[in-house]
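**Q** Let the hints inform the model, and build the full structure from the sequences given.
If you read the protein sequences in the order shown, they are chains B and U. Sequential numbering from 1 applies to the first sequence in our numbering. Sequential numbering from 1 applies to the second sequence in our numbering.
The set of hints was computed from the structure by calculation and includes no laboratory data.
One side only, chain U facing chain B, incomplete, derived with CB under 8 Å:
id, residue
1, 54
2, 55
3, 109
4, 110
5, 153
Distance condition first, Cα-Cα at most 30 Å in a straight line; then the derived DSSO-like pairs of lysine-lysine:
id, chain 1, residue 1, chain 2, residue 2
6, B, 502, B, 374
7, B, 374, B, 102
8, B, 364, B, 352
9, B, 409, U, 114
10, B, 488, B, 352
11, B, 84, B, 102
12, B, 49, U, 114
13, B, 49, U, 87
14, B, 409, U, 91
15, U, 87, U, 114
16, B, 102, B, 440
17, B, 102, B, 502
18, B, 100, B, 488
19, B, 374, B, 329
20, U, 91, B, 49
21, U, 114, B, 440
22, B, 143, B, 364
23, B, 364, B, 144
For each residue, glycine too, the CB sits at the ideal point set by N, CA and C.
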Amino acid sequence: MKTPKQIPNEPDPKRGGDRSPRALFGVFAMTVVATLLVTWVLVTMFSRKQEERQRYVRVAEVDEVSTDPEPWGRNWPQQFDGWKATAGDAFYGGASAMPKSKLEDQPWLRRLYAGYAFSIDYREARGHAYMLYDQGVTERITKKPQAGACIHCHASNTVMYRKVGREAMGQPTDVASLAAEFDMPAVIRGFQEVSQRPYQEVLALVMAAPDGTPDENEPVVPQPPAGGFSGEYAGEPVEAAIEGEAHPVACIDCHDPETMRIRVTRPGFVLGMRALAEGDAEVPHLPSVERWRRGNRETPYDPNADASRREMRSFVCGQCHVEYYCANKDVLEFPWAEGLTMDQAEAHWEAKTFPDGSDFYDWKHGETGARLFKVQHPEFELWSQGVHAQSGVACADCHMPYEREGARKVSSHNVQSPMETVAASCQTCHNVDESELRTKVDALQQRTVRMTERAAEAMTDMLDAILEARVAGATEADLQPVLELQRKAFWRLDYISSENSKGFHAGQESMRILAESIDYSRRAQTAALRLRSPQAPSIEGIETEPVLGVTDRDAAPQR
Amino acid sequence: MTPPHSDRKTSPSTARALLVVVPLGVLVALGLFTFVYGEGHAYLSNDPNACTNCHVMQEQFDSWIASSHARVASCNDCHLPHHPLGKWVTKADNGFFHSLAFTTDAFHEPIRIKDRNRRVTQDACLYCHGDLANALLPATAGGDVVSCMHCHGDVGHR
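**A** Rendered as structure tokens:
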């Protein structure tokens, strides 16, 4: 049964009375929503204003022995989180988690590095959090003897250096005196003391040094198993696990624990910059060096005192991302006395002799016996030759871009490729689309990679030619100039293939270096071929085709 | 006996009125407080410092101080129309969207100018430099014209 319909025109006294409460309820509801919104805005505004005021709260004390980043992390949680993020979403340890082998991807590298530890194990790099772990498990360390110099860049080691240095200088080494000040002379002395000692011995010294958290023995990132995955160092089984904690490069290595100012702590860099300043190489991108040269030169150049903050934002990275000698025949050295270019570094090594007076070289090539200079990873030097350095752009500007967290500006401590942060890294200066920027970078890097492959092909052709010449009876004296060419070709190819920007840090310079490598490889190949080919016939007086169809100047009508 | 009709009628309506009036009062008070606390009055001025209240435009402000235009033009001279009506409409439009962006924390960084605001700035360039740029302007209104900022993008700030 249907209920009869209401007649619309008929007024209903009850409904008429209800209209006003409904409207009121509507106003009420809108007021509630509006109040919620205003409160939300107010609360956000309040928290932004708080963020703006509180730079940080120092809840934990840190001093010159605090190599453990954990107490720093309680004071500066955002930076600490960024630092930890260099491990990825979690820390991946163990043999199966190791990054891809470069030797498998680029088989020519095995021939390039023949006879050298890099031909055993050479992998893609991982983030800062892995630097100590990956070094501790690489077969370069577990199978071959390595020097303590490696620790210069893979561990937070300044306390150990200071301790060893003060011991050598006859000064107290209790925790309180170690924590009192940075003491660069002692740090440099300690560095010189341990640089040539065996790797495992120096690692044990780092682990035994105080780290600022005596009651806590769980490092923020896991330590490598003693002796890597095979339980060996330099091919010898490890007898006992080393006691203590070691940390990868952490807060204290780039920051003053008192003022948080960025600083450099690495003796290799400090000494390298001194040598660079005392030389006369042009370094227009480092104005403080040129300023120091114009001064009275009473005290040696000191980045921490002389450099601007902008320069320091590259120097902190230049402490490790450079070319150096780091084996056990001499103390670790940055080859900067002649300047920062590839050619100047090569000239430095060519002129250098070991303490016993013999000529400097890194290793004898396993196939040809050439005495070669190994390149490490000259990112700082290659950047120095590029347009970004010339424009005053620092490493940190792109690799540690500013990120806004509310009203606060925080420098990202998740140091990584700027291609992961194109907006923050590039668009601050380059007002173009992200995709356009990516395309440009990709094109530059692909060109460099293709040219590197081409240089590698020239290199392997050269190695074949040298071996063939030797089998054909060429003497060592015959081959000497060819092996010199191999050294030059190798140095240049390795300079770009070991550098980690695929040419981006200085595109044109990278192409020049690769072109020179190809030239030296092909010159060596030709010279090696000549050694086993018949004497070339004379080309004196040989007939050449003249240019046709051009009127001789003398025959032309005179004006 | 039934109680007087009027007594039952007035009491709920007063309650209903209170239900609306009290929250409205709270809203107005809260709104006023938020406005003052957020230095809302500053946004009605021409003071360039107002533009860095929330720090998002700090870099632009800092580089403006060092720019060739710092002594002759402030933020509003280039980023708001010179017509009084257009000025307040644009101010309201940008004020709303800036507040929305910063409150919800959802915006592209580094910040980018919107097309509408780019047109405002182009007009501002011509407001002062119109005579100089006259030969570059289109023959008919609305015709294609090269944007001044295409080449001179950093005269005001980076």
